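Trainee: Okay, here's what each chain looks like letter by letter:
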Amino acid sequence: MTILRVNQISKTYRAQQKNIQALNAVSLSIGKKEFVSVIGPSGCGKSTLLNIIAGIERPDQGDILYMDQSVTGKTGLFGYMPQNDVLMPWRTVLDNVILGLELKGVPKGEARQNAEHYLESFGLIGFQHKYPGSLSGGMRQRANFLRTVLPEHPLLLLDEPFGKLDAITRRHMQKWLMKRWEELQVPVLLITHDIDEALFLSDRIYMMSSRPGSIKKMITVPFDRPRNSEIEYSLTFMELKREITGLLL
Amino acid sequence: MKRFANIGSLKWISRWFNGLLPVSVVLMALVVWEISVYLFKVPAWILPAPTKVFVTLIQDGPLIMYHSLTTIKESVTGLLLATGTAVTLAVVMDSSRWVRKAFYPLLITSQTIPIIALAPLFLIWFGYGMLPKVLIVALVCFFPIAVNVSDGFREVNPEMMKLMKANGAKGRHIFWKVKLPSSLPFFFSGMRIAATYSVMGAVIGEWLGGSRGLGIQLVRAAQSYRTDLLFAVIVVIVLLSLLVFFIVEMLSRVMMPWNNQS
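Here the protein sequences come in this chain order: L and Y.
Everything in the first sequence is counted per full-length UniProt numbering, starting at 1 for the first residue and increasing by one.
Everything in the second sequence is counted per full-length UniProt numbering, starting at 1 for the first residue and increasing by one.
Isolated chain Y, as found in the complex:
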């Protein structure tokens, strides 16, 4: 028992250490950056010192917050929309081999259309409100989820299917009791990718036009040579993306408790 306890605490320490590693790398880079800016007298509009960015982050906090809320709303709505449609399409594709054959290549092709070309089109069609941004987020996030879930449905253990059939299971039993739960890990790997894309998608959408959001703030900061604000907004975008990722990660732990045991 004692040995196990020791191993447990060691694990805990090594986990902390693993978390600390990237943080210390970033901290070191920041120190080098800060020193170089002062040493080489780089003008703030080219490269502001990290401390300056931090001060801006605090000073312009309320405004950044105001724009962040819009971006968060668009990202989350888009991600949810993508999840819904992606899972639905995966289920439909799973229903027959022909449907899958018809849709799967289209799915791949849809992903090759550059989002930067599609975004202005969305603005023309849907105006400058939230809708085109939500659609862009959905479009970006849709693909990884749909492909992963669709593959997940196909990777079901064939012996499990045999067992179900031998027990007289119908299609809906097989779907709810086997396919859905066994595709959950696939779903979440798609969601993890989608989560990191979602905030970026919203920012790109805003970048191209609108009145609120971090993308707008980025454009305005760049146009007025507020490089410090630009950096502050980038920091917020990164933090928001990580937050969405973290929420997805937590959800996956709650929904797949069997992965946490053993």
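Next comes chain L alone, as it looks inside the complex:
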């Protein structure tokens, strides 16, 4: 069952008296309990696509349908995890992660209590009363993810969440994200430029061309869940990786 449908989205920017087309008739869909990735070269407009789905930007053409209703330009519906964690330095970790709940109108005390249950599985226990300035990159992204998850939105939009982490931390975080996702059972749309990451985590992968971004191909990743890192050494994984690499280069 499809919960989100992106329908023929086009977007053109005007910069320095030139029209730059960022997206050209992009369509995709996300099913209930599905983990979907969009992969593409940098500058292909994948972040713009995410911003449009999140309602922060408006498309020139096309619309966003959630449960067959148009939600184009509507904010506050989906969880949005920005690429840079943008934790607020003036809020403690606990107060940072409840931001989404607060904006939904949940009283602070209740929101904090709600968040406390998740601290352990998000590896933030003992740090909840610290300011984010004293956190490591991986921890900051875990807090960023918890902030995205807590309001229990029907869909999570992740914008290259591990792009700025070092390779080893990124690896840990991907495995960790997989675990959390298998528990949460919430549909995810992940933007990434990391082929391994997309293959490891996703049920389906949309490949985007460089500017103007359009969908080149969709690939279904056949691995069963729950997955472990062994799949990365399988023949299927290698073949899919070769196919995606070939298409993107």
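Simulated from the structure, these hints should not be mistaken for laboratory data.
None of the values given here were measured: they were computed from a predicted structure.
C-beta atoms are modelled at their ideal positions from N, C-alpha and C, and glycine is treated no differently.
Among the clues, some could well be false.
As the list claims (entries may be wrong) - Residues of chain Y clear of chain L, computed beta-carbon distances all greater than 10 Å:
(1) V91
(2) D94
(3) L118
(4) F122
(5) K162
(6) L163
(7) R192
(8) I247
(9) W258
What the hints assert, rightly or not - Straight-line C-alpha distance at most 30 Å; calculated DSSO-like pairs for lysine-lysine:
(10) L:K217 - L:K179
(11) Y:K162 - L:K216
(12) Y:K73 - L:K130
(13) L:K108 - Y:K162
(14) L:K74 - L:K241
(15) L:K179 - L:K32
(16) L:K217 - L:K241
(17) Y:K170 - L:K74
(18) Y:K170 - L:K108
(19) L:K18 - Y:K101
(20) L:K217 - L:K164
(21) L:K74 - Y:K165
(22) L:K104 - Y:K165
(23) L:K32 - Y:K162
(24) Y:K165 - L:K32
(25) L:K175 - Y:K170
(26) Y:K165 - L:K164
(27) Y:K165 - L:K18
Unchecked claim - Cβ-to-Cβ under 8 Å is the rule here; a few derived chain L residues that face chain Y:
(28) A54
(29) G55
(30) G73
(31) T75
(32) Y80
(33) N84
(34) V86
(35) M88
(36) W90
(37) L99
(38) G105
(39) V106
(40) G109
Got chain L sorted already, so can you dock chain Y onto it with the hints?
Mentor: Only chain Y this time, still in chain L's reference frame:
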């Protein structure tokens, strides 16, 4: 753990040392001054020895205190008035691009008017009481706060704004939860400058006319060739300015605890 403790105590020592450096420079200058005054037999009405200034500071203490209280009152009231109006104007300028465009150049221009020309005008308009002095302090302190806070509002992390909007935040949420806290460091850098100006502003205001205050005492001391008293008052003005600065610094630590950690 032990290594950390050592680094901690080293830091503590180096902080003391850093504090001691300017103090020792001043002490050395004072010694040279004291010796020169005696060596070259400089008359006290031209340059009194530091010890003489110190004695005057004690002897005329009650009178200096009496005038200081007025100056403190004017400085603090003026600084508070400036803070209120500056923050309000910054908020108003932030509300729309047009308002900002209209006000910002005026703000800069207002600062180019020499305060020494404006002060007598204030005396004519508002008399010889506290009001004109408070206004002069406010005028001097207003600018650094307004400009800093206004810039602070514009320097908000755009990704943070995106996150807020994606979460369905309204304008007032963005203001209270993002703009205000993220402009606090800017506010305090403006306040630090304003704090050092505030006492000086009050003294200039008093200088031009009035019956109480350190500025008046400066005029009287100069007119009666009480150079020792003049110096004593200068010392008090410096100490008061530093005190206001120190209070602002403490406030900034209390209000921005995240800057103290890590």
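Trainee: Quick check: which numbered hints come out false for this structure?
Mentor: Failing hints, ascending: 5, 6, 9, 12, 14, 25, 30, 38, 39 and 40.
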